[in-house]
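The primary structure of each chain is shown beneath.
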Amino acid sequence: MDFKHVDTIIEKHQRKRTALISILHDIQDEYNFLPEGALQKVASRLQMNTNDIYGVATFYKSFSLTPRGEHTVTLCLGTACHVRGGPNLLRALKSHLRIEAGQTTADGKIFLQAVNCLGVCAIGPVMFVDGTFHGGMNSVKAQRIVERIKKGKAGVSA
Amino acid sequence: MKKIRSVSDLEKWREDILARQKQYKAIVAVCGGTGCQAYGCQKIKQAFQKELKKKKLQDTVLLKYTGCPGFCERGPLVTVYPREIFYQRVKVEDIPLIVSETIQGGRVVEHILFEDPDAHRKIINSKDIPFYKAQMRLLLSNNDLIDPTRIEDYVAIGGYQSLAKALFEMEPDEIIGEIKESGLKGRGGAGYPTGKKWENCRRAPGDIKYVICNCDEGDPGAFMDRCLLEGNPHSILEGMLIGAYAIGANEGFIYVRHEYPIAHKHAEIAITQARKAGFLGKNILGSGFNFEVEIAKGGGAFVCGESTALIASIEGMVGEPRSKQIHTVTQGLWGRPTNLNNVETWANVPLIIKQGSKWFSSIGTEKSKGTKIFSLVGKVKNTGLVEVPMGITLKEIIFDIGGGPQNGKKIKAVQTGGPSGGCIPASLFNLPVDFDSLTEAGSMMGSGGMIVMDEGSCMVDVAKYFVHFLKGESCGKCLSCREGLKRMGEILDGITEGKGNGESIALLEELAVVVADTSLCGLGKTAPNPVLSALRYFRSEFEDHIIKKRCPAAVCAPLIQYSILEEQCTGCGACKKICPAQAIEGEKKLRHRIQTALCSKCGSCKDICKANAVMVQ
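Chains A and B supply the protein sequences, listed in that same order. With the working numbering, letter number 34 in the first sequence gets 984, and the count goes up by one each step, no holes. With the working numbering, letter number 463 in the second sequence gets 1207, and the count goes up by one each step, no holes.
Hints were generated in silico from the structure; no laboratory data involved. Don't take every hint at face value.
Output of the computed footprint for chain B on chain A, the stretches with three or more beta carbons under 8 Å from beta carbons of chain B [stated by the list, open to error]:
id : segment
1  : 958-969
2  : 972-984
3  : 1011-1020
4  : 1041-1051
5  : 1058-1069
As the structure is a computational prediction, the values presented were derived from the model and not from experiment. C-beta atoms are modelled at their ideal positions from N, C-alpha and C, and glycine is treated no differently.
The shape of chain B in the complex, shown without the other chains:
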């Protein structure tokens, strides 16, 4: 790789790459995201390699892994260019057919195309699939095109041109002005205006400043940052470079949680390549600007997503947050001015510099600009990553993009904002998704997790889940958070065990106020939200558990029982064999019974029963 020393070098490099790409008759893009890896996309790629070699096509067909296109539910995903034929749920045995039919014959392979569930019509291009149609994929669309381990792919789509523009055509203050004008707000959860943060950091006294990319993404149910860093790491680097130049920083860190091995690996490869190409290091593109980036690995602590805790963790210490009377933009990493932004925020920066703040601020609502990526998961038909303009309604996301309920059960709520957010009932699905509306409804935007719940989900169980989650993740510094959450967890345990009483709810509400008011950091301050929002919209479910001692959704283990329906049971013995607790008795071909006292309520019998004879109530 040649070092790029000027803007004209960059342009020339891009032309060379595009010319080289033209020699390929077709491109086969196999999704290499973590989701598709779970489906075995490695075998798909190997099969293509073998088949292309067999047909002597390896020099005319480019085979590559790409980032995640977001439709994880339908993996493994394969797209064949130039026609952009989108194949889903691809199996190894389909590969010879794709090669002979599509690549050699120019025809589509019908059975692996997406079928419109309503019109029962096969769809060839992804952009026509309902899941993608209502999206606005400004950030994610690049994931479809590039191999995250090849810098050339990023340069080919115009990568690092925003950096060149920022370095040679704009002054640092102008860049900050542009980001401020764009209305970009932090995508990590709190929604603080990015331009303002940059300005404060630039103005903070000190010669040495730092920029940090937060990829700690600890919110359970959210994975957009993983997909961005995994699928397009150079866009994050470019965003950080522009930010560092504007702020006056020469060193940066990417903090990656250790649960994301592929994101870590791709970020590492991207840094090495960017250094070799001259986008990192000294005198970048001949501008005189120096910048270096290092990766810091997390250790599995949710609280480290909080800026001061994250900084402590990079310093090699226990991740305890500190008081923010002095902000990190003034005193952050090693006491020096530090600007920390989330992965998605950084990814937006090159776009704004390239296309201008006017363009960016034309997208979204009055107070929330641009797009937001959500991880649409849980009890919904089409799960995956969706990028939508701010202001779209929950209904459009869950029903138009998500395709509605998963297995006929009615959707009753959506959880947003992770452990700091709350549940929004289906009656409010006409709510526009922006920072303010979600907060008003008792939840929040958060980093973008959107977990859909149906009648089979118990809202008391979900509230309990979050309290236990936060209890485990509380660093323990503030008494109210440490002890208050523990006590709230005990009360909720009691309710789900049928031991709740007339005072349980009032006590929960009282504790919630104390924990929120007297905790230092965001974790404790927002910890009661999931409980309060569940009580606000689903109080009757709490009352069912307390008064009737029953769980209407049949989720809370102490309140449910598994049994086998006599008339349905065929006596096949499958349940008896799989039951890990040996709680099932019965002779072959005769009715089987569950001994309730031994039953661990794991549901294995229900999962395995072909006759649908296992009942939970």
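Isolated chain A, as found in the complex:
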């Protein structure tokens, strides 16, 4: 893997140490996760200890040190989604995809994650798939969306 984009990203943030979280976000957007080589490059460019970079990368939940699937299915488990049956959706998707939350399917297609709140509480339970919000979900609709992504139709609505 070449990391020439990492340089561009660091330059975009003017090599500021205070922009570390934004830099890591941009790297993750580019590579889909935080590759070790990229983090080492960040450390040397910002003149920081690699350990400290890992400290930040592992503290914040948004970052992943392992490759994520091609598609990301994010399930909201905020309070409003929780009382409207969010945990049922998670059970359905875990069972359907045969993975736990935080894992990627064996074919590398779908990364499933549960988050604490997406802030779209009024229309819960909510699912966020490849940049699109889906409201008013239930276990059946959630499985159908995942099924359609598997068949290559991303960004579909329920």
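Dock chain B against chain A, hints included.
Relative to the frame of chain A, chain B by itself:
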């Protein structure tokens, strides 16, 4: 865009914008909030664009996205001005009708108007809808009018005039005095008097000071800050500018959680536009005051809503809170005096400067002034954002505005204050909503999440949910929070799995005291609240789980079972097909059965069954 160099420039600009707006015969405002985007409002806007072009109306009808009007449950929302006709649950196929009937013909399209559930009468204007009637939308009403990506829209409604007033007609101390007089308290949760905080920061020694806007809104079930920053970002900037001028700061940060991409984008656009127009940068409006704002992005950590953790996060470090013996107003960002306020607090500032502290303090109760935005969600009919005067009762919010229960089930509690708050039972719904009353009832105002629970919600499950939430979000610095919450979670897991015993409750209560007493920051100090309030008002539910080994609400998975009622089942096979665990057996047209050992209890069979044959108990 021309640079605005004086107050008269600003006034002239506003007049120009208003004159330009007058050339439009009608305005079509499509809600572009995150909620309506989930309903596909992009397609609605595209359809309008196409239809208006087809009818050659694109030059006389202004089509725009606006911020969120709050009634998310009824999206996609479209309002047609000048008559302010409020259309809800609009579909793409309704668009040609709205254009031909409403815009060209001046008539309303009945079937997409809101229908009063009691009187079965169609309502044309949003202000007549029960959901909006009891509200006092001082902050949110602007969301309905403006396109958050156009600074002109904000200027048209009088935006940045409070800034002009503050810069040219008031001294910094006078501004602080005005905010103090208004009685405005921080809207992020703790309710600290804003004016006092500003004063402390102004008096703190140091040449370089900072102001920060906290849009980390990590409370699950709350989204008012997202809607304000997303729907009216310039009002936040204006509030920050006034605060910075009063305090003596020249630099500010908006900390946005990374789960809010639209809020982030709109804040970025607003900053660029404000800079171009001369509201940010050097010598603002010719006053000699300089101010710049940057956006800092969060990384998905709830604890970063705490001021010292947030500051550490802006500095590019791990978001661990520190002891507050020295307050952030004295030593905050990079060790310099820093004033941090929540989004909603900043949004109130331009209003107070414009209309005066006397006006503001006339709203609300003796100790809690102004309005508060709540996110009314969960098991209630009308969900969305509601802005009400302080002191209104829970009952008015949940039943008059919220319309009561969602599907006939009795409402039994409301959760306020997020993970630091607690559940308030229906018997206390006459309680006025202000900072003190909610705290007395064992909950708190918090940032404004209001999650309604009905008979189908299990209070033990909710308590467990919050403990696990906080366990995951604890930064791990204090042992009592890190280990205590883990142990409390294990005990609650046990109770919901039918493994609770006679000592479980006493142990929970003991641990709760230790965690609250010996944690450093607000997260740990308030973490036991959801458990303690559930035990205070719903102890019998805990006892049902422990003694009878059953979950009365049929929520706790280990204590429930799914089964198919023989007499109802039509043998259609839909449940068998959808079941992700392949736990259902049965031949077509014959009764189906669930093999309990395989069942993952996801409820797919119940969701899909048209014959209502799936039972949970």
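Structure versus earlier hints - violations, ascending order: none
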